[in-house]
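K.L.:
If you want the building blocks of each chain, they are given just below.
Protein chains: 4
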Amino acid sequence: MAESAGGGAIPGIQSSSTEDDGITITQLQVQNEQGSKAIGKVIGNYVTIEVPALRNQDTGLQDRVATHFAKHFEAFLQRIGVGKTANVLIVGLGNWNVTPDALGPLVVENVMVTRHFFELMPDQVAPGYRAVSAVAPGVLGITGIESSEIVRGIADRTKPDVIIAIDALASKSLERVNTTIQIADIGIHPGSGIGNKRKGLTKDILGVPVIAIGVPTVVYASTIVNSAFDLMQSHMKANKADNDQVFGLINSMDENERLLLVKEVLNPIGHDLLVTPKEVDQFIEDIANIIASGLNAALHDAVDTDNVAAYTH
Amino acid sequence: MAESAGGGAIPGIQSSSTEDDGITITQLQVQNEQGSKAIGKVIGNYVTIEVPALRNQDTGLQDRVATHFAKHFEAFLQRIGVGKTANVLIVGLGNWNVTPDALGPLVVENVMVTRHFFELMPDQVAPGYRAVSAVAPGVLGITGIESSEIVRGIADRTKPDVIIAIDALASKSLERVNTTIQIADIGIHPGSGIGNKRKGLTKDILGVPVIAIGVPTVVYASTIVNSAFDLMQSHMKANKADNDQVFGLINSMDENERLLLVKEVLNPIGHDLLVTPKEVDQFIEDIANIIASGLNAALHDAVDTDNVAAYTH
Amino acid sequence: MAESAGGGAIPGIQSSSTEDDGITITQLQVQNEQGSKAIGKVIGNYVTIEVPALRNQDTGLQDRVATHFAKHFEAFLQRIGVGKTANVLIVGLGNWNVTPDALGPLVVENVMVTRHFFELMPDQVAPGYRAVSAVAPGVLGITGIESSEIVRGIADRTKPDVIIAIDALASKSLERVNTTIQIADIGIHPGSGIGNKRKGLTKDILGVPVIAIGVPTVVYASTIVNSAFDLMQSHMKANKADNDQVFGLINSMDENERLLLVKEVLNPIGHDLLVTPKEVDQFIEDIANIIASGLNAALHDAVDTDNVAAYTH
Amino acid sequence: MAESAGGGAIPGIQSSSTEDDGITITQLQVQNEQGSKAIGKVIGNYVTIEVPALRNQDTGLQDRVATHFAKHFEAFLQRIGVGKTANVLIVGLGNWNVTPDALGPLVVENVMVTRHFFELMPDQVAPGYRAVSAVAPGVLGITGIESSEIVRGIADRTKPDVIIAIDALASKSLERVNTTIQIADIGIHPGSGIGNKRKGLTKDILGVPVIAIGVPTVVYASTIVNSAFDLMQSHMKANKADNDQVFGLINSMDENERLLLVKEVLNPIGHDLLVTPKEVDQFIEDIANIIASGLNAALHDAVDTDNVAAYTH
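Residue numbers (my numbering), protein chains in the order written: chain A, 1130 to 1442; chain B, 1130 to 1442; chain C, 1130 to 1442; chain D, 1130 to 1442.
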């Protein structure tokens, strides 16, 4: 396991990263406005778990990812000041009828809920557990209600100390689809996620901290095309080609400029679809199990962090 | 179509019933305490739709039941003072992982929701529709939260004028299982339904009228046995047998006494199971479609009551 | 663990039974026509695993049952002369759309198949495995073809040495529903199982031995009623009651006579339904996992019999 | 409705095409080796139904496509000499656990099977029907048996006069994914379809004609990129740009050359994934319903071609 800590390079940004046999974990802290502007991210704490081989359906690797997720999530909670007895409401965002958007609801189905034991027989709960509840609020087309409104109503009545929201995301590159888990304490903002949310889930709205767990599960066709240009340019360069000659003016465009061009071409003719890998059913199930197992171990001391998978059904 | 109205026989009770080729619809009004005591039902309005052949998977019959449901539900709303523009929240109670308890969530999946159109583009909604939203709050074992708490939180934020709650019930006889739909304006009370609810959904708690739609989908083994005694006694009687001789002391017991005896025998050895017909998957799907179609037609004038099935997916 | 071997009591019948903390395993050999007539079973080898607490959703117990199943199934194969390298075709009978009939197809989904490795890269298969294939032939209403015809066609082309057929059964008592696993080398006969099979799966038809694994998953209402009479009579007797007085003429009927009477009463009015416990979804999944895990361990030496669950997904 | 017939332009090729409000139907006949070489298709009869708007979830359009499918499939059967009483075996290829590969099995679940009525009560079958059976043979990873072996075994026993095989395909362009239905009388060849079939389903192997119904449901990332180049070049050209200047040497590559380059870059780093649109669950269900409805109407005169959807569940 290799570790590299970087800090101070960019003012207002602290970051460090760890690697363990195919699993790269990066911690990032955006400390102030200066840092925020520098890297284009909201002030807050971020952890990213990258596992390029996660699509290989290797259950050994999945168990290791779940264990890493658990350890880092537990540390994350501590870092942002969420105590060991804080009540947690887990929110699985997304549409359970659309496989690549069903990640959140699937985590909710598999996570261990305990709040009712604390409510009904508080004296009999074994030590090492905290009160956890979990809901999948559905999407506007199924319920007719913004998911944020549903969560707010439930939070008003159940008074959690912290909310953990799981959401499927549109990826910024094909390689990140179903290989990356992102954790941040910045909440869920309108327009993030696959569904078109109009209202966010944030501390401002809900009154308690909101931790977002996001997994890219779909990608725009235009993103695939744009990434391919990059890859082809690198490939050519590695082969000593003159990329100005090979790619013409395209070579002189920067990434965003080129993406806009691609979108401009694909979009009007309905070609800029959101797509997901063919094996999406299995990928979503695997990642939902990793997150559910990891949350169980991170949230309850009584669940063993080193063998998290055994506690999930 | 035959109709029979009865009234005045029992003070405080008004009832009438209609029959249409295998579909019997009974309206009952319990007007005061006197009537309530006389028949052991809470004060309120009741409609029961009985269709003994509903388990035959006859789609023609199902369409007719949906149409009757729509007409009677529409009249029921009017009778209890729910206007044509009243906002409706449909609540599908029960556990979607337990087929005979999944009726409510299935109705929610199939019902037409419109509230978001009224919220997002009120000027563009065609006439003949009202704002309808729908949620399946799940059960305690999945969410860690009482379903009534979830509904209350959502109702607090979305302010419906009336709540319609669909729930699967334990039947008082095998023949009613998956053949009967019960409508009442008395809400959902703790202990009703298949799941062990500890808190109800009532006007007292939620501040708005709560209409319950209940369908018996399971029955206790003891109920089957107890009904069988009745049937055997009638059978013997019809064959001129002396039932005291045939059934001994059992014959002199009244129904409740006998049920207690049966329960006393079956319960301690784990034989008093709740059971459901083998074909439960199909039955639940059929009835959920009937109710969803019927609600769509009853709630929206723009949906044609005479051909309700076409509007449901 | 207690063991009791009985033999010689009935000529042509050998039997022995083992008990291990809630799991009772009975071996029975019907050796000849005399034995067959005496107990009303076809000549053959039988193993029955009875676990009254199997409906309690206790995963520890389920793992123990899977381990016992594996050990006894392995011994059973040896006893009837099926060698360690014999090719196996697993057949999951039943209708995957009817939960209590979906046991066989679910086992097929969860069992480890290996035949294709032996076909495509015979030199690279690790030792300790044999060639196993698995199919769910569906039911007449879905395919239009008798399941036995489908199996026969597949067996003709793939030439298995032995066929293992899993089927859901109608139970002879409520207590056996989803608590009992029956193994026998007598094949599947017409009319057994939940679906109305018209043709069997037997050595005569298929040319290779057919081992049946049956699990009662449904029960007739009349069976529930008939069992209840027995239980009530025992209960009364234990309380020193005079059962002739309590039950009248019913008390003098033998079990079959009484069952006929119950059926005569319930059947004409459509009350003799096949029913299944409310929690059928979970029960079927649990038992399918036990059988799939057990088969994996019994069929492949490389799969550890003491920890069978880990090999099943 | 516009029709255009082309013929004679290429020797050995006859083609004609019809357009009806967003539905384009092309008939193609490859008559001999000369024609086959000219356009790179096996000798045979082809019908392609293209509906660019099919992903819009417009049920009216879907019904119209089903009706067109039914009419053209019926004519196709007649053209290739399959009579009105020919027995049909419908084969749904693919993996039911992988949504974009589940098209075939879904059609099998929804199609009307009648063969058992002809077998069990031939005198009572109403006129206007023929014997139809249907199976989903699964994939190698689930059964351990080549699907072609399973089909061959079943065909040997049930003796159909013709086999109709439905399969999901990898698309040659993103725009064809879930918008196109292809019919051909050339059977299924190894390597076609999403799964890696090693043996085909052809008249040579099965002894009866095999009609393939294929729907592109996935597309390679490299195909998306390659198509994008075309689209960008057309776009630039339309804007009077000098494409040699804009695209450099890329502009001088032909389509296949460029595709090879893209694959060479994406493949080694695992970027040449097969992808499918995010809404794959709904798309597959819609198309399976279209094909099942269309087959029901095309195969049975008693099912009305003009309102095919009503006969499918």
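Bear in mind the hints are in silico, worked out from the structure with no lab data behind them.
On a predicted model such as this, the values are computed, not experimentally measured, just so you know.
Be aware that a few hints might be false.
Which copy? The list can't say, so a pair holds if one copy fits it or any two copies do.
What the hints assert, rightly or not - The calculated lysine-lysine pairs, modelled on PhoX-like cross-linking and capped at a C-alpha distance of 25 Å, are:
hint, residue 1, residue 2
1, K1369, K1392
2, K1170, K1369
3, K1328, K1170
4, K1166, K1369
5, K1213, K1392
6, K1328, K1288
7, K1369, K1328
8, K1301, K1392
9, K1369, K1213
10, K1200, K1166
K.L.:
Hints numbered earlier in the text: which of these fail when held up against the supplied structure?
P.N.:
2, 4, 5, 7, 9 and 10
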